[in-house]
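*Asks:* The sequence shown begins at 1 in this note's numbering and counts up one residue at a time.
The hints are simulated quantities; they were obtained by calculation from the structure and are not laboratory data. You may find that some hints are simply not true.
[Stated by the list, open to error] Calculated pairs, EDC-like style, for lysine to aspartate or glutamate (alpha carbon to alpha carbon, straight line, at most 20 Å):
#1 LYS38 to ASP95
#2 LYS185 to ASP18
#3 LYS38 to GLU168
#4 LYS185 to GLU196
#5 LYS224 to GLU121
#6 LYS185 to GLU168
#7 LYS224 to GLU124
#8 LYS185 to GLU24
[Stated by the list, open to error] Restraint-style ranges between C-beta atoms, simulated for each label pair:
#9 GLN127 to ILE62: 13 to 23 Å
#10 ARG70 to ALA30: 35 to 45 Å
#11 ALA122 to ASP186: 38 to 48 Å
#12 LEU37 to LEU17: 22 to 32 Å
#13 GLU24 to ILE62: 48 to 58 Å
#14 ALA157 to PRO63: 23 to 33 Å
#15 TYR72 to ILE199: 33 to 43 Å
#16 GLU124 to GLY91: 42 to 52 Å
#17 GLY118 to ILE62: 11 to 21 Å
#18 SER137 to THR178: 45 to 55 Å
#19 LEU60 to LEU17: 51 to 61 Å
#20 ILE128 to GLU220: 18 to 28 Å
Ideal Cβ placement from N, Cα and C applies to all residues, glycine included.
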Amino acid sequence: MMPPVSYATGACKVFSLDYANMLESAPLFARAALTTLKISTAGIALALIIGLACAFLLYLRIPLAGRPVRAYIELSRNTPLLVQLFLLHFGLKVDAMPCSVAALAFLGGGYMAEALRGGLEAVERAQIESALSLGLSRWQTLCFVILPQALIVAVPALGANVIFLLKETSVVSVVAVTDIVAVAKDLISLYYETTEALIMLVLVYLVLLLPICLAIRHLERRVKHVAFGN
Numbered sequence: 001m002m003p004p005v006s007y008a009t010g011a012c013k014v015f016s017l018d019y020a021n022m023l024e025s026a027p028l029f030a031r032a033a034l035t036t037l038k039i040s041t042a043g044i045a046l047a048l049i050i051g052l053a054c055a056f057l058l059y060l061r062i063p064l065a066g067r068p069v070r071a072y073i074e075l076s077r078n079t080p081l082l083v084q085l086f087l088l089h090f091g092l093k094v095d096a097m098p099c100s101v102a103a104l105a106f107l108g109g110g111y112m113a114e115a116l117r118g119g120l121e122a123v124e125r126a127q128i129e130s131a132l133s134l135g136l137s138r139w140q141t142l143c144f145v146i147l148p149q150a151l152i153v154a155v156p157a158l159g160a161n162v163i164f165l166l167k168e169t170s171v172v173s174v175v176a177v178t179d180i181v182a183v184a185k186d187l188i189s190l191y192y193e194t195t196e197a198l199i200m201l202v203l204v205y206l207v208l209l210l211p212i213c214l215a216i217r218h219l220e221r222r223v224k225h226v227a228f229g230n
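Let the sequences and hints guide you as you build the complete structure.
*Replies:* Next comes the structure, spelled out in structure tokens:
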């Protein structure tokens, strides 16, 4: 006759974590989090610059620029970051950190371009004509009338792209960058404490992403209040 199953004992085993090891690994995750933030900050900043340049070229309908820009946007948005990392690091022999930043910027530039282009095209034509009739040049109209309103419209999409790109950094460990995921994998291979390492991984990403999500949500509310007064 089989002994009775103790569900309480099973539950205790599930939650019997090695907290000492988790605390000892915290400095490793903290250093890896700084690496993740460095890659994310540089990659997202470059993605915004690329996206703004592409959006302007599409909005202004610069001759001979439309097709190459659209080709870049489609290429960046329809190829995985993992594949881009492999091409840059193993194909073109780019070092790990520059490769990670460049791949993130390449991927993010396409998404930022579409978000900003949508914002630019949302500005009413009447406001542009009014600015030109007041004596503003086309460049002044673009910088001081069109772009501020476009950014207000594009804030939700830009915020979503920032969060998306931050989470995409989870694959940079494939090119030997010591990010958060790489630390978790190393701890699992060394100590075979999979649950503890994965819990730490989730907590670190939560600490990184939750404040950014809340800040973006607050910015969206402020922008909505400025634009619509409610």
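*Asks:* Each hint: holds or not?
*Replies:* How the hints compare with the structure:
1. LYS38 to ASP95: Since the Cα atoms of LYS38 and ASP95 sit roughly 15 Å apart, the hinted pair holds (cutoff 20 Å).
2. LYS185 to ASP18: Satisfied, since the Cα-Cα distance of roughly 17 Å is no more than 20 Å.
3. LYS38 to GLU168: Distance ~14 Å between LYS38 and GLU168 Cα, so the pair holds.
4. LYS185 to GLU196: holds, 11 Å
5. LYS224 to GLU121: holds, 18 Å
6. LYS185 to GLU168: Holds, because 17 Å separates the two Cα atoms, which is no more than 20 Å.
7. LYS224 to GLU124: holds, 17 Å
8. LYS185 to GLU24: holds, 16 Å
9. GLN127 to ILE62: 13 to 23 Å: Between GLN127 and ILE62, where Cβ atoms are some 22 Å apart, the hint holds.
10. ARG70 to ALA30: 35 to 45 Å: holds, 42 Å
11. ALA122 to ASP186: 38 to 48 Å: Since ALA122 and ASP186 have Cβ atoms about 47 Å apart, the given range 38 to 48 Å holds.
12. LEU37 to LEU17: 22 to 32 Å: Given about 27 Å between the Cβ atoms, the range holds.
13. GLU24 to ILE62: 48 to 58 Å: Given about 56 Å between the Cβ atoms, the range holds.
14. ALA157 to PRO63: 23 to 33 Å: Check passed, 28 Å falls within 23 to 33 Å.
15. TYR72 to ILE199: 33 to 43 Å: Since TYR72 and ILE199 have Cβ atoms about 40 Å apart, the given range 33 to 43 Å holds.
16. GLU124 to GLY91: 42 to 52 Å: holds, 46 Å
17. GLY118 to ILE62: 11 to 21 Å: With a Cβ separation near 18 Å, GLY118 and ILE62 satisfy 11 to 21 Å, so the hint holds.
18. SER137 to THR178: 45 to 55 Å: holds, 50 Å
19. LEU60 to LEU17: 51 to 61 Å: Roughly 57 Å apart at Cβ, these two residues keep to the hinted range, so it holds.
20. ILE128 to GLU220: 18 to 28 Å: Cβ of ILE128 to Cβ of GLU220: about 25 Å, so the range 18 to 28 Å holds.
Violation of the numbered hints given earlier is absent; every hint is satisfied by the structure.
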